[in-house]
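Visitor: So you can see what is in the structure, the chains are spelled out below.
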Amino acid sequence: MRVVAADLACERSGRPVFRNLSFTVAGGEGLVLTGRNGAGKSSLLMMLAGQIVPAAGRLAVEDAPAEKTLPELAHYIGHRDALKPSLTPLESLGFWQAMLGHAARAPQEALERLGLGHAGDLPCAYLSAGQRRRLALARLLVSSRPVWLLDEPTAALDAASQRLFDALVDEHLAAGGLAIAATHVPLGFRTATRLAIGGTP
Amino acid sequence: MSALGALLSRELKLAVRIGGGGAMGLVFFLMLVTIVPFAIGPDLNLLSRIGPAILWIAAALATLLGLDRLFQADAEDGSLDLIMMGEAPLELVVVVKAFAHWLTTGLPLALAAPLFGLLLALPTEALASVTATLLVGTPALTFIGTVGAALTASLRRGGLVLSILVLPLMVPVLIFGVSASNAATGGTIPFLTPFLVLCGLTLFSLVLGAFGAAGALRAGQG
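So the protein lines, in turn, are chains V and H. The first sequence begins at 1 in my numbering and counts up one residue at a time. The second sequence begins at 1 in my numbering and counts up one residue at a time.
Incorrect hints may have been included.
20 Å max Cα-Cα, derived SDA-like pairs, lysine to any residue [unchecked claim]:
1. K68(V) with L122(V)
2. K68(V) with L107(H)
3. K13(H) with G78(H)
4. K68(V) with G27(V)
5. K13(H) with G94(V)
6. K68(V) with L103(H)
7. K13(H) with L103(H)
8. K13(H) with K68(V)
9. K13(H) with L107(H)
10. K68(V) with P89(H)
11. K13(H) with A119(V)
12. K13(H) with G27(V)
13. K68(V) with D81(H)
14. K13(H) with L122(V)
15. K13(H) with P123(V)
16. K68(V) with M1(V)
17. K13(H) with A125(V)
For the record, the hints were derived by calculation from the structure and aren't laboratory data. In this text, all values refer to a predicted model and were calculated from it rather than measured experimentally.
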């Protein structure tokens, strides 16, 4: 399958953010979005996740399994971790697994992969920023969706966790998945094209 | 459908755990009902005549109290965006969230009404009829409020706007709820007439709440 964007334009509350953005990402490929603050990297990812409607242009997913829309095929890791302080990591992951569908790994297994196996029954309120981020990333593993939309995925992660995350993305790409990530730090994906988003502030 | 089951169990867990505010509606209801006899004075006939109305007003206000957080809490931490990317239809998600809210707010109010009715010197027949009308009518209050909660999901202090939007729409439910409760203790109309209208209002607001709130949440994006 392929994600195709043609001449995309984005407006937030009437102000143009970017214009004439075109790219194609096929299965097994990664796309890294770069650009200064406010260039529209997050807006583009939110647009891909179905949270913003494009002001112009076309956004399509071709050869999709079972005629699904892009938001139904995508995982979205945003700035906000979507965690409830009173739920435990295992409860959160179990909920997202049921909600997002296509169960892949068991919640406990995903936690262990991200080095949180010991914290499964601790309420999320007690997790550190890096642990919360790793828990949000564990969502990628409990439910199998081909498109990963990652907005600053390695924020608050230590060096070891960043390498672990790069390995996860490489596995995902090797299995034929897609990843589109916005970042300021160099991500270590093996195969990634770069797309610079520019424009006037 | 397991996604909706998981959502229901998550909503109930969040409501009963620390910071969830599941018991807030019930406590507010109790405060209103206990303070009214002190304000009105020891006139038992007057109290028992206006008792059903007081219970209904307290139920409507108690329902409104927690409603502003129904979608706002999920909108703030990003959960709502992910829920909308899920496979469950948004209309059913709305119904499940509203149902969970009713289970922790409306249902306890209705079950506590016979007890609280004693504070208002209600006769036995009136206790039964108020409980029955609250049991049938509080879902209508919740589902009507769901539309307002969806419209104000992204507002930081949406509770005030929500109340102004929703309270006028709750008036018909209030009218038929109170008149059915009063019909049991005398009067010219039979109990069943306003009671069946109340049932109809609940079914109507179920549909209105599901489609109205889902539409409002979709329009709120972008």
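Visitor: Does each hint hold? Answer for all of them.
Guide: These are the hints, each one checked on the structure:
no.	hint	verdict
1	K68(V) with L122(V)	violated, 36 Å
2	K68(V) with L107(H)	violated, 38 Å
3	K13(H) with G78(H)	holds, 19 Å
4	K68(V) with G27(V)	holds, 16 Å
5	K13(H) with G94(V)	holds, 13 Å
6	K68(V) with L103(H)	violated, 34 Å
7	K13(H) with L103(H)	holds, 12 Å
8	K13(H) with K68(V)	violated, 32 Å
9	K13(H) with L107(H)	holds, 16 Å
10	K68(V) with P89(H)	holds, 13 Å
11	K13(H) with A119(V)	holds, 19 Å
12	K13(H) with G27(V)	violated, 39 Å
13	K68(V) with D81(H)	holds, 17 Å
14	K13(H) with L122(V)	holds, 15 Å
15	K13(H) with P123(V)	holds, 12 Å
16	K68(V) with M1(V)	holds, 11 Å
17	K13(H) with A125(V)	holds, 15 Å
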